[in-house]
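Line by line, the protein sequences are chains A and B.
Residues in the first sequence are numbered from 822 upward in steps of one, following the working numbering.
Residues in the second sequence are numbered from 77 upward in steps of one, following the working numbering.
The hints are all genuine.
Quick list of in silico lysine to aspartate or glutamate cross-link-like pairs, EDC-like style, CA-CA up to 16 Å: (1) B:511 / A:874; (2) A:851 / A:824; (3) A:1007 / A:1025; (4) B:511 / A:898; (5) A:947 / A:934; (6) A:1007 / A:824; (7) A:947 / A:961; (8) B:511 / A:908.
Computed, partial: chain A to chain B, Cβ under 10 Å: (9) 904; (10) 911; (11) 914; (12) 923.
What the simulated footprint calls covered on chain B by chain A, stretch by stretch (three residues with Cβ under 8 Å from a Cβ of chain A suffice, anywhere in the stretch; the number is not a length): (13) 505-513; (14) 520-529.
For the record, the hints were derived by calculation from the structure and aren't laboratory data.
C-beta atoms are modelled at their ideal positions from N, C-alpha and C, and glycine is treated no differently.
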Amino acid sequence: MSDIVIRDVRRCYGLAHALDGVSFTADAGKVLALLGPSGSGKSTVLRLIAGLEPVDAGSIRVGDELLSSPQHTLPAEARRIGVVFQDYALFPHLTAAENVAFGLAGLPRTEREQSALNWLDRVGLKRRAGAYPHELSGGEQQRVALARALAPTPRAVLLDEPFSGLDSVLRAELRDATLQTLAEAKITTLFVTHDAEDALQAADKLVLLKAGRVLQEAAPRHAYDAPASLEVAAALGPINVFAGRVLNGAAATPFGTVFTPHLPEGAPVQVAVRAEALRLTPGSQARVLSVRPHGAHDLVRIEANGGAWRVLTPARTPLGERVDVTLDPAGAFVFQAD
Amino acid sequence: MTALDPTTASLESATPQSVARARRLKLRLDGVTAGAAIAAIICAAPAFAVLVLALWPSDNAAAFGGALLRDGAVGTLLLVVFGGGGAIALGAIAAWLVAACAFPGRRLLAWLLVLPLAAPSYVLAYAYAGMTWAGGASPVALTGIPGAAFVYAVGLYPYVYLAASAAFARRSSSAIEAARTLGAKPLDVFWRAALPLARPAIAAGGALALMEIAADYGAAHHFGLTTLSTAVFRAWYAHGEPQAALQIASALLAAALVLLWIERSARGRASYAGGLTRAHDTGRYALSPVAGIAAASFCTGLVVFGAALPLAWLARLALLHGQVEDILEPLGNSILLAMGGAAVTLVFATIIAVVARRAGAIGRIGAYAAGLGYAAPGAVIALGALALFGLARDAGWISGLSAALALTALVWAYAARFAAAGVQPIDAGLTRLSKGIDAAARTLGANAWRRLARIDAPIAAPSLAAAGLILFVEILKELPATLILRPFDFDTLAVRAYAYASDERLLEAAAPALLIFVAGLLPMLLLTRGVLKSAR
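With the sequences and hints as input, model every part of the structure.
Structural data, given as structure tokens:
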């Protein structure tokens, strides 16, 4: 198995750049998440890697083999790269088993059917082998699509917003099941999502995209703890932004200072403070506006110095009407403002 | 190292403009796409040949072509104005009544109103002629331009009716509701809201009706009129002037292309005007009993004159005077020819439709090429095919036009003429096939042919069957191209009906005309099912 290397890839539609010099590496046998808002070009990246569209500049390689360059596009049907499409794109006139068997055209008939059933079994759908796509639920369709993509033992599998069409309970369950299947298959995986939670929990590596450019390529923990920009920090969880200037090697916020050894004195900066990096204790510094449940946390909105802030506290933390606020510098990041 | 890498060398200079330019020059060619390109060339070649050869310099053709061309153009123009105008008015009124008013029998009439499309104009003309000649049931004889205009109006109004009722029912319903809440009376609503909103749809349907009128040979010939279509035949057969015939044919083709352009651009506007509001059953105007009966009578009248009366009269004459042995041979010829022609045309249409769906430039060009053939009247296509065979003979590639070659030319003409009629329903059937499904099949290693056989064709199977039936019937009804290209002594139903009618033997013409009419009703049943579905 080899890495997939994307280098300086550009792609235009009409006169607009959908991708503007994108580079990253998907490591062999690992799960990579492409995270970005809609219109960031993340689905375009998948289509280029799958060979469904040519690149306008740059290159895509698997190991030593060139898949795409402006002069050369290995056709999608010759790439051996599986894709799970956002709408699953199951063949409506074929049963689940026939869908999975479609990519096994080279095998003898019995072997093909056996292999298709095995793959359906691995995604827990053997008993639905004879069902047509319209008879399957959304989650079942997604699993058939996954089995279909994996059955021809591709070099990599690409998933486009694989969990987006599903409700939140099913989503977490299916995400774990999908990751389990992919881990067993030990296959290089790229998946596209706009959901930070999916990306952080499922991926070995994150690539954050915005407006056709890579903002950061890093392990989830690293991207979360050391975001390369304000946009990256905001993409991975709720933050508070505070504008100020560097004074004596530190940026001041209403709740404490953050050291900025690498920024020049007097430079205008923006400080991003993660919502969970603020700690609240009963006191007088800020006024509590509202407390709302937010999963295992409470989302508390407070007002201090004329500004509103968002804080995540452990659920059911007793707070009065006024609180004191302390800042954990590990969850605060300073970026030079333009 | 990067400087030496050809894949990054172009990065610096890759502006969106330069990329778009470079991409236009690159065409992906697989087997299916190449097939579509060949099909497109075959479909467009006859019409193209007419245009090119008509401009070829020739000394004595100008005078003949000039006089006949002028008279033919005037005749076609008159028929377009009176026959086409009548068809547009009748179709628009019927559509408004069915879409916006409540009257007895409305639901039934909504689909009966489509039936006149089953009969080609020449069959209607023979039926009405039979009525005035034999048995003398009709008080007035249909003759000349008024007669032809009447036949076109009652036979072709469904083109306008179909387009306009879709527009009335769907797109303009919210605007009509708005007009009603503002206090507009029914006639006000029709003139000031519904009609202007439906105008693009009416123009598109009207253009189709006018194309049929311009292309018609059988009815115009029967009424003894000089039109561009009949002038082509006269120049070719009576005057023996192929160059003049080609010149007249090119004028006819130009007129048809103008109409095609009107139809395309109007249809484009019709689909945008009014946005995407969902159809919902707007309250219909409850008509007073008298007005309701008037509306029902109007619609019934259209069905009677366009379909029921001619059909009944032909059936009567055929039962009284038809002889089985007389139509057995042309019936067999018609069925064989229509089956062969439909099979070839269906293959072309399928390949073009599939490639157009896959968003290939060649597919779209192919669809246009097929559209060119569909706009071109049968006489033009036949002349073009004949001219190309003539060139091949002059070049020594073939000797003379044997029966087999004539049939080949005829099937070619059918494919060129009707491929677009097949592309449309197949394309509609392929809407079930999202682009994602084609992409999924590609990522699973399926090449172009395997995708065509395993994905596109099975998914579009019902549409393919419908397209096959439509093509079969269209070819069965076709007259002018068949007249020009058929081998000697090879009669089809259409040719036999025409031959009898030309000899004023209208009693004998009834049986083959009736069979053509009945065959034409088959796809009507399919078509109206779709109409009913969209009306709900």
